[in-house]
Amino acid sequence: MPFHVEGLVAIIVFYLAILFVGIWAAWRTKNTGSDGDRSEAIIVGGRDIGLLVGGFTMTATWVGGGYINGTAEAVYVPGYGLAWAQAPIGYALSLVVGGLFFAKPMRSKGYVTMLDPFQQIYGKRMGGLIFIPALMGEMFWAAAIFSALGATISVIIDVNINISVIISALIAILYTLVGGLYSVAYTDVVQLFCIFLGLWISVPFAMSHPAVTDIGITAVHEIYQKPWLGFIIAPDIFTWLDNFFLLMLGGIPWQAYFQRVLSSSSAMYAQVLSFLAAFGCLVMALPAILIGAIGASTDWNQTEYGMIDPKSKDEADMILPIVLQYLCPVYISFFGLGAVSAAVMSSADSSILSASSMFARNIYQLSFRQSATDKEIVWVMRITIFLFGASATAMALLAKSVYGLWYLSSDLVYIIIFPQLLCVLFIKGTNTYGAIAGYLFGLLLRITGGEPYLYLQPLIFYPGWYKDDDNIYIQRFPFKTLAMLTSFFTNIGVSYLAKYLFESGTLPPKVDFLDAVVAKYSKENMDKTTLVKNDNIILNELAPVNPRHSLTLSTTFTNREAFSDIDSSPDVSNAEDN
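Our numbering runs 10 ahead of the 1-based position in the sequence shown.
Read the hints as simulated data drawn from the structure, not as lab findings.
Just so it is clear, CB atoms sit at the ideal spot from N, CA and C, and this is done for glycine as well.
Mixed in with the good hints, there may be bad ones.
[Claimed, not checked] No more than 30 Å apart at the CA atoms, straight line, and that leaves these computed lysine-lysine pairs for DSS-like:
| id | residue 1 | residue 2 |
| --- | --- | --- |
| 1 | Lys520 | Lys509 |
| 2 | Lys321 | Lys236 |
| 3 | Lys438 | Lys520 |
| 4 | Lys438 | Lys119 |
| 5 | Lys385 | Lys119 |
| 6 | Lys509 | Lys114 |
| 7 | Lys321 | Lys114 |
| 8 | Lys477 | Lys236 |
| 9 | Lys114 | Lys438 |
| 10 | Lys509 | Lys119 |
| 11 | Lys477 | Lys323 |
| 12 | Lys236 | Lys323 |
| 13 | Lys438 | Lys509 |
[As the list claims (entries may be wrong)] So the derived label-pair ranges between C-beta atoms look like this:
| id | residue 1 | residue 2 | range |
| --- | --- | --- | --- |
| 14 | Trp389 | Thr223 | 31 to 37 Å |
| 15 | Met278 | Glu314 | 51 to 57 Å |
| 16 | Ile233 | Ser276 | 30 to 36 Å |
| 17 | Leu408 | Ile470 | 27 to 33 Å |
My request is simple: use the sequences and hints to build the entire structure.
Dropping the structure here:
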């Protein structure tokens, strides 16, 4: 394949435009948070992200390179088709569920990151444990889409994959480094526009190519391969449901989502943003679905691609750039490539910022350096943005099973973080003992179920398992959802059991080594006033504080100024009377 100078120029123009917007957004908002909250401004954008920019940035976070490439691939692969393209409807419903049930309680309490409620209720150690799968999900996701971008660019303009990945990552890291959420949000507007325009311009040209049969015919009739509408055989129904619930419910507990929710100016706006993004995800999936259908309707013998179709060459995952390259005019394919590149950066920058935000606030500040200055936190964020971005880039270049690692880490987000988030927001009485037990049981059931992408053999064989052609064990039983439910009910059961044993006197108070029941609000747990500022929420709207009998109420709080603000709180008065 010849080297395409025009394609390289087009990519450079796209990248420079996005970089310019990112730096402009950073310059425009450089004084935001200058009163001592610059770190919070970087994380949640000063909580003044409007509906338009907020809707674009939340949509762009989901509509990334993996989203559009994966949707096109699912529709194209024979035997799967549109029936197995679950991401559009799954993520759209995830945003709807998040908007209905999770956005309001998170935003109304004035949290800064997704991990704040875990550290408030379960303590800093549990917050650190939750950080591990959250970090893995964000990092492996960024690495996977960087890897996909390199392969996509190499298909169309034939440049070295490593160079394209490194340059793309550097640009995303640079504007995220200088502007935080503001740069990410404003570049998302440009990127989403590029995705929409680039893909929709490509579709008519690809559809009118002489080698393409009417997609209405190939949807239900076998011409070059099985119909692209696809089908679900009876034994695979539970697998389909398992994956669907993973997308719908596992798509909620991500810092990239809650970063947008918490940046909204109000709880109502946070909900509206979620609904707008759900609609945006469905709309943005349409051109990817059509491109997958076009790939399934093409006689590749009539194209320059060759006699063997992409599926037979194991290039089904590259069907979108292949369609752009071989079924569209050169200038159109380059425009479509710009759309794919924009899609990748719109997700990668969000993941890098999310990982950095959680580390700087919940690990560095709240767990180790509660006295850290705002300037110190800002520098920690900048350093970790660079380090996490470099790590994701290195994994994209070196790891041979990045997608397998991402699948496994996204499963852990669904199995571990989602049930913990349910408990911490909606189930009263859960504590650190239940959270740790649920965490470990969920992790155990997931790991022992195996992972085909990593060639990890299962230790537990659920009903319906079989070996595929590569001698890899496949589980048809919905064991991921089983692991999630087990984690959820274990948390509740162990929490209530621990509460009963300590409060009934069966276990002495000294055995409460996590300070989770007898001294639930001791120094181990993150004080409300550390997590939530007075201008964000009235403290007495939270659960009443029950002090340890051996301590006075004032020594229970680490922030004396905040304590003085709630002297007249009815909850405090009642506690003192007791």
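A quick look at each hint next to the structure:
no.: 1; hint: Lys520 to Lys509; in the structure: holds, 14 Å
no.: 2; hint: Lys321 to Lys236; in the structure: holds, 12 Å
no.: 3; hint: Lys438 to Lys520; in the structure: holds, 24 Å
no.: 4; hint: Lys438 to Lys119; in the structure: holds, 16 Å
no.: 5; hint: Lys385 to Lys119; in the structure: holds, 25 Å
no.: 6; hint: Lys509 to Lys114; in the structure: holds, 29 Å
no.: 7; hint: Lys321 to Lys114; in the structure: violated, 45 Å
no.: 8; hint: Lys477 to Lys236; in the structure: holds, 23 Å
no.: 9; hint: Lys114 to Lys438; in the structure: holds, 18 Å
no.: 10; hint: Lys509 to Lys119; in the structure: holds, 26 Å
no.: 11; hint: Lys477 to Lys323; in the structure: holds, 23 Å
no.: 12; hint: Lys236 to Lys323; in the structure: holds, 17 Å
no.: 13; hint: Lys438 to Lys509; in the structure: holds, 12 Å
no.: 14; hint: Trp389 to Thr223: 31 to 37 Å; in the structure: violated, 58 Å
no.: 15; hint: Met278 to Glu314: 51 to 57 Å; in the structure: holds, 53 Å
no.: 16; hint: Ile233 to Ser276: 30 to 36 Å; in the structure: violated, 53 Å
no.: 17; hint: Leu408 to Ile470: 27 to 33 Å; in the structure: holds, 31 Å
In this structure, the earlier hints numbered 7, 14 and 16 are contradicted, and the remaining ones agree with it.
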